[in-house]
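2 protein chains.
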Amino acid sequence: MPPLKIAVIGSGAVGCYYGSKLARGGHDVHFLMRADLERVRSHGLEIRSHAEPTVLLRDEISVHGDTEAIGPCDLVIIALKATANAALLTLTPPLLGPKTRLLTLQNGLGNEAYLATHFGEERVLGGLCFVCINRLAPGVVEHFSQGTVAMGRHGTNPDTWTRALAETWNRCGIECQLMDDLRQARWRKLVWNVPFNGIAIAAGGVDVSVILASSELSVLAKALMTEIIEIATEMGLVMPADLIADQFAKTAEMGPYKPSSLLDFLNQRPVEVEAIWGEAYRQGRALGSPVGHLETLYWLLKALCVEA
Amino acid sequence: MPPLKIAVIGSGAVGCYYGSKLARGGHDVHFLMRADLERVRSHGLEIRSHAEPTVLLRDEISVHGDTEAIGPCDLVIIALKATANAALLTLTPPLLGPKTRLLTLQNGLGNEAYLATHFGEERVLGGLCFVCINRLAPGVVEHFSQGTVAMGRHGTNPDTWTRALAETWNRCGIECQLMDDLRQARWRKLVWNVPFNGIAIAAGGVDVSVILASSELSVLAKALMTEIIEIATEMGLVMPADLIADQFAKTAEMGPYKPSSLLDFLNQRPVEVEAIWGEAYRQGRALGSPVGHLETLYWLLKALCVEA
Numbered sequence: 065m066p067p068l069k070i071a072v073i074g075s076g077a078v079g080c081y082y083g084s085k086l087a088r089g090g091h092d093v094h095f096l097m098r099a100d101l102e103r104v105r106s107h108g109l110e111i112r113s114h115a116e117p118t119v120l121l122r123d124e125i126s127v128h129g130d131t132e133a134i135g136p137c138d139l140v141i142i143a144l145k146a147t148a149n150a151a152l153l154t155l156t157p158p159l160l161g162p163k164t165r166l167l168t169l170q171n172g173l174g175n176e177a178y179l180a181t182h183f184g185e186e187r188v189l190g191g192l193c194f195v196c197i198n199r200l201a202p203g204v205v206e207h208f209s210q211g212t213v214a215m216g217r218h219g220t221n222p223d224t225w226t227r228a229l230a231e232t233w234n235r236c237g238i239e240c241q242l243m244d245d246l247r248q249a250r251w252r253k254l255v256w257n258v259p260f261n262g263i264a265i266a267a268g269g270v271d272v273s274v275i276l277a278s279s280e281l282s283v284l285a286k287a288l289m290t291e292i293i294e295i296a297t298e299m300g301l302v303m304p305a306d307l308i309a310d311q312f313a314k315t316a317e318m319g320p321y322k323p324s325s326l327l328d329f330l331n332q333r334p335v336e337v338e339a340i341w342g343e344a345y346r347q348g349r350a351l352g353s354p355v356g357h358l359e360t361l362y363w364l365l366k367a368l369c370v371e372a
Numbered sequence: 065m066p067p068l069k070i071a072v073i074g075s076g077a078v079g080c081y082y083g084s085k086l087a088r089g090g091h092d093v094h095f096l097m098r099a100d101l102e103r104v105r106s107h108g109l110e111i112r113s114h115a116e117p118t119v120l121l122r123d124e125i126s127v128h129g130d131t132e133a134i135g136p137c138d139l140v141i142i143a144l145k146a147t148a149n150a151a152l153l154t155l156t157p158p159l160l161g162p163k164t165r166l167l168t169l170q171n172g173l174g175n176e177a178y179l180a181t182h183f184g185e186e187r188v189l190g191g192l193c194f195v196c197i198n199r200l201a202p203g204v205v206e207h208f209s210q211g212t213v214a215m216g217r218h219g220t221n222p223d224t225w226t227r228a229l230a231e232t233w234n235r236c237g238i239e240c241q242l243m244d245d246l247r248q249a250r251w252r253k254l255v256w257n258v259p260f261n262g263i264a265i266a267a268g269g270v271d272v273s274v275i276l277a278s279s280e281l282s283v284l285a286k287a288l289m290t291e292i293i294e295i296a297t298e299m300g301l302v303m304p305a306d307l308i309a310d311q312f313a314k315t316a317e318m319g320p321y322k323p324s325s326l327l328d329f330l331n332q333r334p335v336e337v338e339a340i341w342g343e344a345y346r347q348g349r350a351l352g353s354p355v356g357h358l359e360t361l362y363w364l365l366k367a368l369c370v371e372a
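Protein sequence lines, in the order shown, are assigned to chains A and B.
Per this note's numbering, the very first residue in the first sequence carries number 65; after that it's consecutive.
Per this note's numbering, the very first residue in the second sequence carries number 65; after that it's consecutive.
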């Protein structure tokens with residue numbers, strides 16, 4: 065695969081982290097920025113990592129205030145909050161050529177379907193990011209650990225182009241796994257996001273180490289994971305037998321990590337309540353799966369969080 | 065029934081409200097006080113009511129700093145927080161004569177059993193207070209509405225003495241209903257306390273009018289009520305068919321009322337998490353009843369609240 069022209073829409077922690085790896089790998093990466101635009105133009109984009117060398121990107125990247133200035137791309141990475149999806153209707157069209165692919169790295173459920181509805185199913189890829197990362201300040205991203213992406217196409221198997229893209233990402237230092245069924249990956253990620261992002265907010269603003277240290281909150285996290293796994297299994301997806309233990313072990317390595325939804329909540333930013341808890345709850349209820357824990361957390365988060 | 069010598073242990077809103085009615089009805093009422101002792105000695109005990117004439121009691125009542133100064137009584141009213149039950153082991157003995165009855169007006173489950181274990185089953189009565197009331201300041205109680213008490217004996221039917229006591233309370237202006245099965249009343253009260261006290265805290269510190277105005281929180285309240293009713297039914301108790309609608313209608317009349325647990329939470333005082341949510345959850349789980357909503361709320365409250 066030759067170097068790609070890539071747009072990154074939503075230049076928060078996830079967009080900046082993966083976009084910067086692709087830029088350093090030789091791709092032509094254009095970031096759409098709002099609040100951070102002037103800062104990154106003058107000082108560059110810094111990725112401070114606890115696991116990799118810290119990098120500062122200046123000439124390797126382009127930053128823009130609108131998508132018209134970027135123009136048609138090979139790949140559009142969407143890393144916007146799901147709560148801001150309506151903005152994609154105006155942001156995306158200037159980036160589209162006949163073969164442009166859209167890759168959503170957003171959290172939760174429903175984002176691929178949203179893109180497919182508005183821009184055509186055949187363009188849409190989805191990626192799940194398993195990464196501990198925060199936006200520390202304008203133009204500064206803090207990377208704690210992990211970084212794997214599970215990638216696939218919406219509603220179908222990976223094609224040649226998608227396979228080549230995954231190889232390309234791997235060559236750029238992003239561990240990238242191809243998924244035959246993206247829903248499998250989405251639900252596996254919910255097994256972590258639903259309990260840890262949710263409890264972190266609902267238990268009064270606690271990091272994941274507090275949840276692990278509390279027998280009560282750990283029991284609650286396990287109960288929520290069990291509900292998500294049951295819904296996924298009911299949908300015909302295969303969840304690994306040791307998934308809960310594995311997720312707890314991975315979480316223990318994270319230390320006092322604040323999940324992204326908690327940071328959004330603490331900073332009074334919108335929280336993706338519908339994409340994470342709402343969609344999971346509705347799909348579980350529609351399948352007749354037990355959703356008592358999930359429903360309770362969902363309704364409390366709806367009351368606690370702003371969404372737009 | 066002749067005038068009774070009555071001790072009130074735990075002179076918060078509930079103890080002061082009912083104790084003052086009994087004192088005005090001609091009984092010899094002795095309040096055990098700590099923080100409010102000097103204030104009430106010098107300024108009296110004021111019940112500011114939105115539903116009844118406001119009263120200020122001075123010579124009609126006695127206040128004490130310890131129970132030795134009160135001595136044996138006919139009736140000991142226990143209106144202490146359930147979280148402070150251990151204190152009863154030293155506070156109660158000086159109040160006991162051979163025929164002394166103990167009446168717990170505490171919230172939640174397990175309080176009659178606690179008294180029965182330590183002071184003898186035959187002495188123990190329980191009362192459920194359906195009253196909207198707050199302690200406004202030292203020696204000042206604010207009464208919003210209601211005031212009915214459902215009273216019964218622990219583990220058995222009302223005897224002659226208990227029937228006479230209920231009549232006496234009615235003559236003192238306290239609407240008092242005798243219960244053949246106190247558990248029936250306890251679980252009916254949990255149908256309100258579990259959702260409204262719990263959601264008020266877990267949804268970020270909201271009064272009951274906010275819960276009623278939110279479709280999400282109302283759905284959650286109904287789901288919790290349904291779980292409590294199912295547990296009670298599983299235990300063989302009879303819950304009225306229209307109980308949920310009735311509880312919502314009563315709550316609508318309360319206006320922006322802050323449940324007592326929320327006030328405790330907001331003032332960083334202990335919350336009766338175990339007596340209300342913990343016991344209900346454990347009994348429901350032991351019966352194999354669905355408790356997903358209740359369990360989630362319980363674990364979150366355990367994390368959010370202090371208990372001692």
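Treat each hint with caution, since some may be false.
Intra- or inter-copy, both count: the list cannot distinguish identical chains.
[As the list claims (entries may be wrong)] Simulated pairs of lysine to any residue, SDA-like, Cα-Cα distance not exceeding 20 Å: (1) Lys253 to Asp130; (2) Lys286 to Ala367; (3) Lys286 to Ser113; (4) Lys145 to Lys163; (5) Lys85 to Leu307; (6) Lys322 to Tyr178; (7) Lys286 to Leu368; (8) Lys253 to Arg103; (9) Lys69 to Leu330; (10) Lys69 to Phe183; (11) Lys286 to Ser353; (12) Lys314 to Glu231; (13) Lys322 to Leu368; (14) Lys163 to Arg105; (15) Lys286 to Pro354; (16) Lys69 to Val283; (17) Lys322 to Asp92; (18) Lys286 to Arg349; (19) Lys322 to Gln241; (20) Lys253 to Ala313; (21) Lys314 to Gly76; (22) Lys322 to Leu153; (23) Lys85 to Leu368; (24) Lys145 to Ala115.
If you're looking for bench data, these hints aren't it; they were derived computationally from the structure.
A quick note: this is a predicted structure, and the numbers were derived from the prediction, not measured.
Quick rundown of the hints versus the structure:
no.	hint	in the structure
1	Lys253 to Asp130	neither (31 Å within a copy, 58 Å between copies)
2	Lys286 to Ala367	between (23 Å within a copy, 16 Å between copies)
3	Lys286 to Ser113	neither (30 Å within a copy, 47 Å between copies)
4	Lys145 to Lys163	neither (25 Å within a copy, 68 Å between copies)
5	Lys85 to Leu307	neither (29 Å within a copy, 60 Å between copies)
6	Lys322 to Tyr178	neither (28 Å within a copy, 41 Å between copies)
7	Lys286 to Leu368	between (22 Å within a copy, 19 Å between copies)
8	Lys253 to Arg103	neither (33 Å within a copy, 58 Å between copies)
9	Lys69 to Leu330	neither (35 Å within a copy, 54 Å between copies)
10	Lys69 to Phe183	within (19 Å within a copy, 81 Å between copies)
11	Lys286 to Ser353	both (16 Å within a copy, 19 Å between copies)
12	Lys314 to Glu231	neither (25 Å within a copy, 64 Å between copies)
13	Lys322 to Leu368	both (17 Å within a copy, 17 Å between copies)
14	Lys163 to Arg105	neither (30 Å within a copy, 85 Å between copies)
15	Lys286 to Pro354	both (14 Å within a copy, 16 Å between copies)
16	Lys69 to Val283	neither (46 Å within a copy, 48 Å between copies)
17	Lys322 to Asp92	neither (32 Å within a copy, 58 Å between copies)
18	Lys286 to Arg349	both (19 Å within a copy, 16 Å between copies)
19	Lys322 to Gln241	neither (25 Å within a copy, 52 Å between copies)
20	Lys253 to Ala313	within (15 Å within a copy, 41 Å between copies)
21	Lys314 to Gly76	neither (23 Å within a copy, 48 Å between copies)
22	Lys322 to Leu153	neither (31 Å within a copy, 44 Å between copies)
23	Lys85 to Leu368	neither (35 Å within a copy, 40 Å between copies)
24	Lys145 to Ala115	neither (25 Å within a copy, 50 Å between copies)
Of the hints listed earlier, those the structure fails to meet are numbers 1, 3, 4, 5, 6, 8, 9, 12, 14, 16, 17, 19, 21, 22, 23, 24, in rising order.
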